[in-house]
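**Q** As a plain string of letters, each chain reads:
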Amino acid sequence: MARATTHPLRWILLFVILVVALSIGAGVFSSTPQTNAQRAAALDARLKAPDSNGLSVAESNSAAAAAVRQQVRTEVNQGRNDSEIVASLEARYGNAVLLTPPAGGLTVLLWAVPLGLLILIALAIVITARKRRLPAVASPQRPSASDPASDPNGEDAHV
Amino acid sequence: MRQRRSSRVIAWTAAGILALVVALIVLLAVRTGSTGTTFESPLVGHAAPATSGATLTGAHFDLSSERGHVVVVNFFASWCGPCQEEQTQLNAFAYDQSQKTNGATMLGVVFNDRNQAALTFAQNQGVTYPLLTDEGGQIAATWGVASPPTTYVVDATGTVVKAFVGPLTAKVLDQVVAPYTEANSNG
Amino acid sequence: MLGHVGTAGIWLSFISASLGALLIGIDAVRQQRGGSPFRALDGRLLIPVTVLGAVVATVAMEWALITHDFAIAYVAANNASVTPLIYSITGMWSALQGSILLWGLVLSFLVVAVFFRYRSQADDLLVRWALAIMLGVEAFFFGLMAGPANPFVATVGPIPATGAGPNALLQDNPLVAIHPPLLYVGMVGFTVPFAFSIAMLITGRVQEGWQVDTRRWALFAWTALSVGIVLGAWWSYQVLGWGGFWGWDPVENAALMPWLVGTAYVHSIVVEERRGLLRVWNLSLAIAAFALTILGTFLTRSGVVASVHAFSGNSLGPALLTFFGVIVVGSLLLIAWRGDQLRSRVGLDAAFSREGAFVLNNLLFVAFAVVVLLGTLFPLLYESLHGTTVTVGAPYFNAIAIPLGIGLLFLMAIAPVLSWRHASGKVMAARLEIPAWAATLTIVFLVAFGVRGLLPLLGFGLGAFAAASALRTLFLDVRAERTRGASGLRALLGRSGGGMIVHLGVVVLAVGIVASTSYALRGEIILPKGQVIDFAGHRFEFLGMETVRTPVETQTLARIAIDGSSVFRPGVSQFVGRATQPVGTPAIDSGAFGDVYLTLDGVGSNSASSTATSISGLSAGSVAVGVIVEPLLPWLWAGGLIMGVGGLLSLSPERRRRQQQAAASTVPTEVVSA
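Protein chains in written order, with the working numbering: chain A, 1 to 159; chain B, 1001 to 1187; chain C, 2001 to 2674.
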């Protein structure tokens, strides 16, 4: 039903427009350095309000969160870099100010598992893609109530 | 052949998942029921922060005046479930210690709560030891308190020696405090 | 008195469910061995009895709450004499034991519904097993109430004149009346696919398409769970005051995990229906979804995880954990024993096909569920080994969710145009050309309007891509229906139409999430009375304070005019009864293009306020107001609504299939399959 042909040129044009628009949108062509306020805000999003179970200091309006925000602001203005600021806050509050467990040791598991799953999925795709096609025999399953709704327009009729 | 191989795949996959689930259940079974655990406070081994202010009854309290005694500092709130659980235990501990010579002193600090609510809580629970107010949360901030109940043990020299999060029992506190009060008596 | 009635109801359900499960189970074993079931002692007669017991207990509890009967400890702890009617009613599920009663009530109705639906096949062995298993689950939950979680325990000591009242956060928003029941319908609903899957494993009968038959139950449960979760997000958005709607809280994750597996299931079931594949996988998914609901119940009721949501009380932990263990271990053993006999003999023809896309969808959703489980349990694991607490917060989950969401949006766009068995890249490209242009032009349009940020733009673009693809399928479906002489609206019914509408709802939801999280502006402004302050593109003016007193609460509100027109009143509420701290009540100015979210952060010292925090240094007559501007946030709720509508539409029966023509004709007006 749909045209079985497509014009590669239209697709190339589409990709070019897409890439250009995304590059502009991603800020590739403009660069304003991050202001102190932006740096502080980014750090605030990474730190936990010590008196909460998982709220960041950017989101919490408790007194403890305000105290952390104050310290972040001060240290950013003093010109310290991100890891120094996080370290000094950790020295004062311990783990209670971190939104992600401290690196190393068991925390590796938190990142290893998603990565491992991703690799497994990629492998599964590759293996299935390389499989030889099975002969198109009539399968023994029930031929009846399977799904008319998935192809009511006869798009897959010739499959 | 294919049938046997695929049945092995299924069996092994099931066995693998079974092992993981059993590990999970063991982990959760061990954790069921929360109790106080030590937590790595950066204060441990350092001098306790200067802590003073008005108590809920209007008196003035200064931690430095307790130098020479072991002090147990407990951050609590009236809305906190585990705090309600442990309060009878803390009362019992405080009473026992008060009967000893050179026993530990208990101090409570209101955490993220209204004074009126904390006072009602204290009255309902029959708390007899001083309870410091902390409007604005400055004291909690300097001690680095994450959530109640958080309890610190300060030895006679004013150094923080232990930190706990979660509800404690009188028995545990007695055990924890014993070496420091004994050292105090002897030294 | 009411307490005794209620307890009697619970015991009635417990005994009849246990007995029913036992009798039907024995019948099933006899039938499986070739014997005949007992005629005299038909356990199925006990099924309505379980409903009776559940209803009696529920009515007793509600009556006790509405009449403020403080002789029952649960009522004394969750209700006060001044509690309004609606919050008395919702008090039934506001705390631990009552929530189990709600679970039991929903489950008892579900068992009756299943019994009724399959009454013409009542003597089928598989139906017997399924009913026995469902009654077994029901017996467990009523057993919890008969034992450690009895909601009708009498008050110890003198009966108080008034109770403690519900938790403050559970009586300041009417959504407490909808979210928990709907969520429970969703979670409990997964008992049906589970029971039938176990029945299939025991009897060894998968080929007959029972899995597919129970698809509708799974879809119903999934729809309820989806809407329930979105409503939960809306509720927490409205009351918790931080302007967010999802915190990756363990309790939230406990509902999300079955939903993720359920989503995988409603997709892969299509592959089984159409091609007979993935049978053992589907059995496993159905069992996993149910097991995760039990695990979630355990996590939220055992005190193992700390959460603002968690019910307090440790009494249920061991029982729920044991139940979870029994289910999982038993199911795994069954699968290991029977799994191979039940596999389909053919596999995927090609990775690049509709089936392949669905399998990838499944892998991604299940992987995500595994990661969410890991993130939720990691603090427990860490604490067991190191003895210190850590938090796994939003940054971790977002790092996983964002790439996954992008991948799933893309998959959602291309899957409907992929052919079954072997898809051709050329055909797919031809079908996707218009949606691809829609996506590209959307991005160009947004960039031209000044929208910046690679990830949000990708999100919007892919959303447009997926939406255009879904609309394309819908359009073709409508046209096909018209060609048959039926109303075009018929195309919206059934799995394809309903499914595309659900996808549209997902896109709307996703766009709302992307926009509100990427472009939110937060700040705290000091508003002296009468002065207009500009912030984040809006004008704010403080008009004055207001105090509202009802028998149940005292509200201190600040009247704030936004943009010179509507007045909103963020404030702080103090409820009578419990010695709790006051709770903030945010005010939200909702519009089609975004929300302005106001919280009262403080009043000037010396202001007459009994509840709001007074800030020293703030002059009397000024207020500190937290403002969060969140673009497109209401699209989340709209998206959830559309998903719910789509889910309901997908439940309607398929048009009966006419004989499938074998012709390879591609003439568009000729309908090949119906």
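Keep in mind that a hint or two might mislead.
Using 20 Å as the maximum straight-line C-alpha spacing, the simulated SDA-like pairs for lysine to any residue come out as follows [as the list claims (entries may be wrong)]:
no. : chain 1 : residue 1 : chain 2 : residue 2
1   : A       : 131       : B       : 1162
2   : B       : 1162      : C       : 2385
3   : A       : 131       : C       : 2383
4   : A       : 131       : C       : 2350
5   : C       : 2426      : A       : 90
6   : C       : 2529      : A       : 92
7   : A       : 131       : C       : 2386
8   : B       : 1100      : B       : 1009
9   : C       : 2426      : C       : 2468
10  : A       : 131       : C       : 2385
11  : C       : 2426      : A       : 13
12  : A       : 131       : C       : 2388
13  : B       : 1100      : B       : 1171
14  : B       : 1162      : C       : 2386
15  : C       : 2529      : C       : 2483
16  : A       : 131       : C       : 2347
17  : B       : 1162      : B       : 1126
18  : A       : 131       : C       : 2421
19  : C       : 2426      : A       : 123
20  : C       : 2426      : A       : 15
21  : B       : 1162      : C       : 2561
22  : C       : 2426      : C       : 2383
23  : C       : 2426      : C       : 2539
24  : B       : 1162      : C       : 2388
25  : B       : 1162      : A       : 109
26  : A       : 131       : C       : 2561
27  : C       : 2426      : C       : 2442
28  : C       : 2426      : A       : 92
29  : A       : 131       : C       : 2424
30  : A       : 131       : C       : 2345
31  : C       : 2426      : A       : 12
32  : B       : 1162      : A       : 92
33  : C       : 2529      : A       : 104
34  : A       : 131       : C       : 2468
35  : B       : 1100      : B       : 1044
36  : A       : 131       : C       : 2472
No lab work stands behind these hints: they were computed from the structure.
**Q** If a hint holds in the structure, say so; if it doesn't, say that too.
**A** Quick rundown of the hints versus the structure:
1. Annotation: proposed proximity of residue 131 of chain A to residue 1162 of chain B is violated, straight-line Cα distance about 61 Å (limit 20 Å).
2. A hinted pair counts as satisfied when its Cα atoms are at most 20 Å apart, and residue 1162 of chain B with residue 2385 of chain C qualifies at roughly 19 Å.
3. Between residue 131 of chain A and residue 2383 of chain C, the direct Cα distance comes to roughly 45 Å. Violation of the 20 Å bound is thereby established for this hinted pair.
4. Restraint check for residue 131 of chain A and residue 2350 of chain C: the C-alpha separation of about 7 Å stays at or below 20 Å, so the hint holds.
5. Restraint check for residue 2426 of chain C and residue 90 of chain A: the C-alpha separation of about 56 Å exceeds 20 Å, so the hint is violated.
6. For the hint pairing residue 2529 of chain C with residue 92 of chain A, the CA-to-CA distance comes to about 39 Å; that exceeds 20 Å, so the pair is violated.
7. For the given pair, residue 131 of chain A sits about 46 Å from residue 2386 of chain C by alpha-carbon distance, which is inconsistent with the 20 Å threshold.
8. With a C-alpha separation of about 67 Å, the suggested pairing of residue 1100 of chain B with residue 1009 of chain B is violated against the 20 Å cut-off.
9. A C-alpha spacing of about 19 Å is found between residue 2426 of chain C and residue 2468 of chain C, which places the hinted pair at or below 20 Å, so the restraint holds.
10. Of the supplied pair hints, the one linking residue 131 of chain A and residue 2385 of chain C is violated, its CA atoms being roughly 44 Å apart against a limit of 20 Å.
11. Restraint check for residue 2426 of chain C and residue 13 of chain A: the C-alpha separation of about 17 Å stays at or below 20 Å, so the hint holds.
12. Only pairs whose Cα atoms come within 20 Å are accepted, and residue 131 of chain A paired with residue 2388 of chain C is rejected, the gap being roughly 49 Å.
13. Straight-line distance between C-alpha atoms of residue 1100 of chain B and residue 1171 of chain B comes to about 15 Å, which keeps the hinted pair within the 20 Å bound.
14. The suggested pairing of residue 1162 of chain B with residue 2386 of chain C holds, with an alpha-carbon distance near 15 Å, which does not exceed 20 Å.
15. For the given pair, residue 2529 of chain C sits about 66 Å from residue 2483 of chain C by alpha-carbon distance, which is inconsistent with the 20 Å threshold.
16. Taken as a hint, the residue 131 of chain A and residue 2347 of chain C pair is honoured in the structure, with Cα atoms around 10 Å apart against an allowance of 20 Å.
17. Distance hint between residue 1162 of chain B and residue 1126 of chain B is unfulfilled; the C-alpha atoms sit about 26 Å from each other, more than 20 Å.
18. For a cut-off of 20 Å, the pair hint linking residue 131 of chain A to residue 2421 of chain C stands: about 13 Å separates their Cα positions.
19. For the given pair, residue 2426 of chain C sits about 25 Å from residue 123 of chain A by alpha-carbon distance, which is inconsistent with the 20 Å threshold.
20. For the hint linking residue 2426 of chain C to residue 15 of chain A, the alpha-carbon distance of about 16 Å falls within 20 Å, and the restraint holds.
21. Our distance criterion of 20 Å between C-alpha atoms is broken by residue 1162 of chain B and residue 2561 of chain C, whose separation comes to about 51 Å.
22. Restraint check for residue 2426 of chain C and residue 2383 of chain C: not satisfied, since their Cα atoms lie roughly 54 Å apart, outside the 20 Å limit.
23. Our distance criterion of 20 Å between C-alpha atoms is broken by residue 2426 of chain C and residue 2539 of chain C, whose separation comes to about 54 Å.
24. For the hint linking residue 1162 of chain B to residue 2388 of chain C, the alpha-carbon distance of about 13 Å falls within 20 Å, and the restraint holds.
25. Straight-line distance between C-alpha atoms of residue 1162 of chain B and residue 109 of chain A comes to about 29 Å, which puts the hinted pair past the 20 Å bound.
26. For the given pair, residue 131 of chain A sits about 66 Å from residue 2561 of chain C by alpha-carbon distance, which is inconsistent with the 20 Å threshold.
27. For the suggested pair residue 2426 of chain C and residue 2442 of chain C, the alpha carbons sit about 24 Å apart, so the restraint of at most 20 Å is broken.
28. Proposed proximity of residue 2426 of chain C and residue 92 of chain A is contradicted: the alpha carbons are some 61 Å apart, above 20 Å.
29. Note on residue 131 of chain A and residue 2424 of chain C: the hinted pairing holds, with a Cα-Cα distance of about 16 Å set against a maximum of 20 Å.
30. Of the supplied pair hints, the one linking residue 131 of chain A and residue 2345 of chain C holds, its CA atoms being roughly 16 Å apart against a limit of 20 Å.
31. Of the pairs offered as hints, the one joining residue 2426 of chain C and residue 12 of chain A holds, with about 14 Å between alpha carbons and a cut-off of 20 Å not exceeded.
32. A C-alpha spacing of about 16 Å is found between residue 1162 of chain B and residue 92 of chain A, which places the hinted pair at or below 20 Å, so the restraint holds.
33. About 52 Å separates the Cα atoms of residue 2529 of chain C and residue 104 of chain A, which puts this hinted pair outside 20 Å; it is violated.
34. Taken as a hint, the residue 131 of chain A and residue 2468 of chain C pair is broken in the structure, with Cα atoms around 32 Å apart against an allowance of 20 Å.
35. Proximity of residue 1100 of chain B to residue 1044 of chain B is assessed by CA-CA distance (about 26 Å); at most 20 Å being required, the pair is judged violated.
36. Distance hint between residue 131 of chain A and residue 2472 of chain C is unfulfilled; the C-alpha atoms sit about 32 Å from each other, more than 20 Å.
The structure shown violates the earlier hints numbered 1, 3, 5, 6, 7, 8, 10, 12, 15, 17, 19, 21, 22, 23, 25, 26, 27, 28, 33, 34, 35 and 36.
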